[in-house]
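Asks: Sequence:
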Amino acid sequence: MEASTLVNTAASSVLDLTSGLQKVIELTLYSHPIFQYYENVNLNHSIANKKNALIEENIWPHLTGHTLVGPDKINLRSRGLYVIDEKFLTEFEDIDELEPDQHNHSYTFFHLGSKLSGHTLIIHGGLLATILDELTCRLAFQSFESKKGVTANLQLNYFKPCFVDSYVMLKCTLLDKKGRKCRVKGQVFLVDLKADLEGKPVPEFVEDKANLLTECICLVIEPKWVNELNNTRH
3 MEASTLVNTA ASSVLDLTSG LQKVIELTLY SHPIFQYYEN VNLNHSIANK
53 KNALIEENIW PHLTGHTLVG PDKINLRSRG LYVIDEKFLT EFEDIDELEP
103 DQHNHSYTFF HLGSKLSGHT LIIHGGLLAT ILDELTCRLA FQSFESKKGV
153 TANLQLNYFK PCFVDSYVML KCTLLDKKGR KCRVKGQVFL VDLKADLEGK
203 PVPEFVEDKA NLLTECICLV IEPKWVNELN NTRH
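Numbering (the numbering used here), first residue to last: 3 to 236.
Hints should not be assumed to be uniformly reliable.
[Stated by the list, open to error] Derived SDA-like pairs: lysine to any residue, alpha-carbon spacing no greater than 20 Å straight-line: (1) Lys150 / Asp178; (2) Lys183 / Ile219; (3) Lys52 / Ser21; (4) Lys117 / Lys150; (5) Lys53 / His105; (6) Lys149 / Lys75; (7) Lys196 / Tyr32.
Derived by calculation from the structure, the hints in this document are not laboratory data.
Input sequences plus hints: build the corresponding full structure.
Replies: Pasting the structure below:
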């Protein structure tokens, strides 16, 4: 067999293996009761809040959407699971705080690979900051009529290391909105798909303080020059 044939065969085998591992990562999450719970929360909320089902991703970052995506990097990123009441998607009024029966949240799942490490075997804190910034902004945008904005301030607290090859869930919650300013809390939770839920409700299990790795408060503003922002995919 010629050398070029051997190289091509080896490359093909690596691609097949990579594709196979990718499918396992996806199937492991999407078939698990934890992900299915949050997906059903999104679907059920969308039945009574039609515009919640119509939310479109309105920023297309090359860094987290292309450059950092691939084998041993961002191996998986779920679609954003929004749970937002209809009034917040249509009225755009000030919000002092969410009432207990109100909803303005989002959930996104990731599998983060070894090529995203800073310290050995630990996901780089800057990567977590980046995806927190991006996803808190995505939620905040829904409270602006333009559906656009920019980060003005990002405050972070790191509680525990996020190890490589982990599934995590990013939960974003709107805190308040005043005019062109909106504050959103973002949280990174470890999602151990091998753990026994021990009969606990899924959110109580996943969003336990013991699983909280990183938390942020993001201040997002809708600038007066907002119409100059181009968030379309290119």
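Asks: Going through the numbered hints above, which ones does this structure break? Give me the numbers in ascending order.
Replies: As far as the earlier hints go, 3, 4 and 6 are violated by this structure, in ascending order.
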